[in-house]
Amino acid sequence: MTVTSYTERPGHKVDETDGLSVPWSRSSPKRKGVSARAVSVVTILMVLALWALSARLQLVSPVFLPSPVAVWNKFITVARDGFVDATLLQHAVASLGRVFAALIAAILVGVPVGLAIGISTIGRGIFDPLLEFLRPIPPLAYLPLVVIWFGIGEPSKILVITISMLAPVALSTASGVRGVSQERINAARSLGATQRQVVRHV
Numbered sequence: 013m014t015v016t017s018y019t020e021r022p023g024h025k026v027d028e029t030d031g032l033s034v035p036w037s038r039s040s041p042k043r044k045g046v047s048a049r050a051v052s053v054v055t056i057l058m059v060l061a062l063w064a065l066s067a068r069l070q071l072v073s074p075v076f077l078p079s080p081v082a083v084w085n086k087f088i089t090v091a092r093d094g095f096v097d098a099t100l101l102q103h104a105v106a107s108l109g110r111v112f113a114a115l116i117a118a119i120l121v122g123v124p125v126g127l128a129i130g131i132s133t134i135g136r137g138i139f140d141p142l143l144e145f146l147r148p149i150p151p152l153a154y155l156p157l158v159v160i161w162f163g164i165g166e167p168s169k170i171l172v173i174t175i176s177m178l179a180p181v182a183l184s185t186a187s188g189v190r191g192v193s194q195e196r197i198n199a200a201r202s203l204g205a206t207q208r209q210v211v212r213h214v
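In the numbering used here, the protein residues as written are 13 to 214.
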C-alpha cells in the first residue's frame, strides 16, 4: 500500500477527495439577503411616515407632536435667526464647552479615585460605598440642591454633568487596575520597579 503525502502551499488547501491543492480564501462568505443598513434605512423611513401620518390625522395634538416638516422648518429658522439672543451654533458650542469642562473635572477626580479603589483596600473601603451610593441616583436629582448651593450659572451646570460622569470614570479606572495580570506586576517588582512605576507603566 502506497501512502501519498501532499504539501499544503500558502494560500491553498488540499482537497481531501483527490489531493489537489486549490486556492482558498480566509474571508467569510457573504451572507445572502437584506443587509443591516437597508433594514435601518427602511426602519427610519417607516418611523418618519408614521410620524407624518399621525401629525396629519392629528392623532396627537400638534403642540406635543408637530409634523416632520414643521420641525424641519423650525430647525432652519432657529439655525438662521437664533434663539434667545444666540444662534444654534453658539448654543452648541456652549453646551460642548460645558461637557468638556465636566469631562476634565471627572477625569481629574475619578481617575485617582479609581486608582485608589483598584490598588488599596483602604481606598476601596472609603470610595467604593460612596460611588455605589451615587451611581444609581439620576444626575437630575441633584439639580435642586446644586441650584440652591451654586445658583443657576455655569458652575452648577458643569457640576451636574461632572456628577453624572464621575462614577463611570472612577469605576472604569478601578476595573482596569484590577484587570492587570498579577504576573506582570510581580515581574515588574522583581525588576526593581517602585509602586509608582508599577501604577504608571504596568
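Hints were generated in silico from the structure; no laboratory data involved. Positions of the beta carbon are idealized from the N, C-alpha and C atoms, including for glycine. Some hints could be false.
Per label pair, the in silico range of CB-to-CB distance [stated by the list, open to error]: (1) R136 - W161: 37 to 45 Å; (2) L152 - S184: 19 to 27 Å; (3) L146 - S73: 34 to 42 Å; (4) G191 - P148: 18 to 26 Å; (5) F87 - M58: 20 to 28 Å; (6) N85 - R208: 24 to 32 Å; (7) S187 - L120: 13 to 21 Å; (8) W161 - G109: 17 to 25 Å; (9) S187 - I160: 32 to 40 Å; (10) G191 - T89: 48 to 56 Å; (11) P80 - R49: 16 to 24 Å; (12) R136 - P74: 40 to 48 Å.
Consistency of the hints with the structure:
1. R136 - W161: 37 to 45 Å: violated (29 Å)
2. L152 - S184: 19 to 27 Å: holds (22 Å)
3. L146 - S73: 34 to 42 Å: Given range 34 to 42 Å: holds, Cβ gap about 38 Å.
4. G191 - P148: 18 to 26 Å: About 23 Å separates the Cβ atoms of G191 and P148, which means 18 to 26 Å holds.
5. F87 - M58: 20 to 28 Å: Given about 22 Å between the Cβ atoms, the range holds.
6. N85 - R208: 24 to 32 Å: violated (59 Å)
7. S187 - L120: 13 to 21 Å: holds (19 Å)
8. W161 - G109: 17 to 25 Å: Taking Cβ atoms as reference, W161 and G109 lie about 22 Å apart, which means the hint holds.
9. S187 - I160: 32 to 40 Å: holds (34 Å)
10. G191 - T89: 48 to 56 Å: holds (50 Å)
11. P80 - R49: 16 to 24 Å: holds (22 Å)
12. R136 - P74: 40 to 48 Å: The hinted range 40 to 48 Å is violated for R136 and P74, with Cβ atoms some 54 Å apart.
The structure does not agree with the numbered hints 1, 6, 12 stated previously, though it agrees with the rest.
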